[in-house]
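> So you can see what is in the structure, the chains are spelled out below.
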Amino acid sequence: MSEASIVGLLAATVSFGALLYLAALGELIAEKAGVLNLGVEGMMAIGAVAAFMGALETGNPWLALLIGMLAGALAASVHGLFTVVLGAEQVVSGLSLTILGLGFAAYLGKNVTGRPPGAELEPVDWGALTEIRWVGPVLFGQAPFVYFAVAAGFGIWFLLSRTRVGLAIRAAGESASTADAAGHSVVALRLGSVAAGGALAGASGSYLTLTITPQWAEGITAGRGWIAVALVIFGAWRPGRAAIGSVLFGGLLALKTRLQTFGVDLSPILLSMMPYLLTITVLIVISIRARNRPSPAPAALGTAYRREER
Amino acid sequence: MKRPVLVRRESPIRGGQPLSFAVGLVVALLIGAVLLIGAGHEPLRVYQRMFEKSLSNADAWSLTLNRAVPLGLAGLAVAVAGSMGLWNIGAEGQILAGAMGAAWVARIGDTWPGPMLITVMLLVAFMAGGALALIPALARSQIGVNEIITTLMLNEIALRLIQWLIHGPWKDPDSYNFPLTPMLPDQARLPSLFGRAHLGVVIAGAVIVVFGIAASRTTWGYELRVARSSADTARYAGISLRRKILTVLLLSGAIAGLAGGVELSGTADRLTEGISNGFGYAGIIVAALALLRPSGVAVVALLFGAVQVGGQSIQIIGVPASVSTILQAFILFGAIAAGVFARYSVRFVATGAGSDERGVSG
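Heads up: the protein sequence lines correspond to chains R and V, in order. The opening residue of the first sequence carries number 0 in numbering that gives the first Met the number 0; numbering runs sequentially from there. The opening residue of the second sequence carries number 0 in numbering that gives the first Met the number 0; numbering runs sequentially from there.
Okay, chain R solo, but in the shape it has when bound:
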């Protein structure tokens, strides 16, 4: 087990962790506002193909990222429109968004499959910092997405726990009628949170096609959207804990392709079950502990809000 292979594993852990964290943060803010969005996988696929095509059209990777995020937000707004405005079942609408998003991404990307990228977001050059042994390649040799994910994590933590808007968002997710009575527009708060979440899922998808792969192929999201859904629960709806979970699950993804290098005799396929098994375990532990303390899940999660007409 050489130093290079360990550094490679750690760097990939941070990279995959950021990929998952971006999408998980998007799901977190939507769920905090009371909207379960099971369309993450579809929004990531839409963001991925939009960013890739944006890069081909414009040649500018930052513009491509913006296009990917806008596409993700637009896809999420479909879910927002149906669940928040029209009061449709969140589970059904979200899963349909996944099906629609995967289908739409495949349709849009048909002619660009396998094409070389128009632009890429390359790792940031931190100069001397990148040269530091161990720390340099792992923390400073990363693509802009990693630093973006860290900033987004702090930003959403600050927004939710330190601002009035954040308080209103949480109120919409805990008790919509209370938020309404306090003079907030539940519809606006929820729509905004869902769209912002979609933009983050779009950013996560863009990371795939602008840096990690960087190409478009059908099925590129490979179930990572479901891991993002799992991470929100694993992290007990907190940005900080979700970050820890992201690094852990990112490490599992990174380890998957390196098992043989480290001489571990375990099927990588079985290893990739771990995030889902851990999440089920955490859910059960939360429920057992909820007998003594309140559950961390937003109380109004998954329920439509309709102010009754007189």
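Hints in this document: simulated from the structure, not taken from any laboratory. Certain hints may be false.
What the hints assert, rightly or not - Each pair of labels, with its calculated beta carbon distance range: (1) R:Arg-292 to V:Ser-239: 21 to 31 Å; (2) V:Met-115 to R:Ser-176: 57 to 67 Å; (3) V:Ser-239 to R:Gln-214: 54 to 64 Å; (4) R:Thr-280 to V:Pro-11: 41 to 51 Å.
As the list claims (entries may be wrong) - Under 8 Å between C-beta atoms, here's a sample of chain V residues computed to sit facing chain R: (5) Ala-138; (6) Gly-167; (7) Met-182; (8) Leu-331.
Ideal Cβ positions, reconstructed from N, Cα and C, are used throughout, including at glycine.
Since the structure of chain R is provided, determine the placement of chain V on it from the hints.
For chain V alone, coordinates are given in the frame of chain R:
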């Protein structure tokens, strides 16, 4: 300035659901037409071909019926859980579990006579689907763990399990290192009815009818409805909610598992990781469009079967397969929107109006 709000109708429009469904279909076809034109195809010709290949003659119908089998059973599985107000998002994984169970029987019983082999395969598939639902069912009924996420996570776990079997223990030694399982023995195949249609059509139809009768005509079904409408009433009537939740989720998983067994025995040559093809997720849309009613599930499953078979037939003329996926999602979104307008009407009110007049958009 005026803005639109939704106001509940005094009584919903009659026949709202079939009407919404039809509207959804039309909306989906219109959006599909735009996509087809965008890809350089003539929508009418494409739709005509889809119709011809899925519904125009006995051969086409046999393909559509075969497709409707896993869709209908998965839809029924979701509807069974829904009869207690529960969501089984895990039909996809349970279908895979059922297929794995049936494939295991075919491996150990390849010398058994056909009828016995097929019967055991389907029984084991039924039990395997239920077994995958056991953890969510116990967790929900005993300690109140939300079943949506646990069933969803198990889909990914079942997918990894089937991949592991195909790449590892069940790989065909004669497959030149390709990750392929051996072909199923001939006597493991379901007998055919007509054209390409197999006996699974009858099995699925029978299961749907039996559940439909059980839900509407028996004490068991009555208790389910009581438990769904009010947990307090159910408790007062001496109905054990825990046991109801447990049995309903297990039954739901088992029906999805049966779909996996029927699909393997009816249409597949061998066990593959693509055996479910998203039937479990499509089943949720089927159940939602059918408003969780067994008879509705059968009708919607047939239509989705036709859309999927038609969608495959147009790939030959260069239309992306994704068009049929997109159509299915838009049928649902269109029907949801239409369903809202069957129950609500749009009024325009001045923005300055008092909060009590703002209706649902407030």
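> With reference to the structure, classify each hint as holding or not holding.
Status of each hint after checking the structure:
1. Between Arg-292 (chain R) and Ser-239 (chain V), the C-beta spacing of about 27 Å keeps the proposed range 21 to 31 Å intact.
2. Met-115 (chain V) and Ser-176 (chain R) have their C-beta atoms about 60 Å apart, which keeps the hinted 57 to 67 Å range intact.
3. As the Cβ distance of Ser-239 (chain V) to Gln-214 (chain R) is approximately 55 Å, the hint placing it in 54 to 64 Å holds.
4. The supplied range of 41 to 51 Å is met by Thr-280 (chain R) and Pro-11 (chain V), whose beta-carbon atoms lie about 44 Å from each other.
5. Interface hint at Ala-138 (chain V): satisfied, since its Cβ lies 6 Å from the closest Cβ of chain R, which is below the 8 Å cut-off.
6. The closest approach between the C-beta of Gly-167 (chain V) and any C-beta of chain R is roughly 6 Å, which is under the 8 Å cut-off, so the hint is satisfied.
7. Of the supplied interface hints, the one on Met-182 (chain V) is violated, with its beta-carbon coming no nearer than about 23 Å to a beta-carbon of chain R, more than 8 Å.
8. Given the 8 Å rule on beta carbons, the hint for Leu-331 (chain V) holds: about 5 Å separates it from the nearest Cβ of chain R.
Checked against the numbered hints above, the structure breaks only hint 7 and satisfies the rest.
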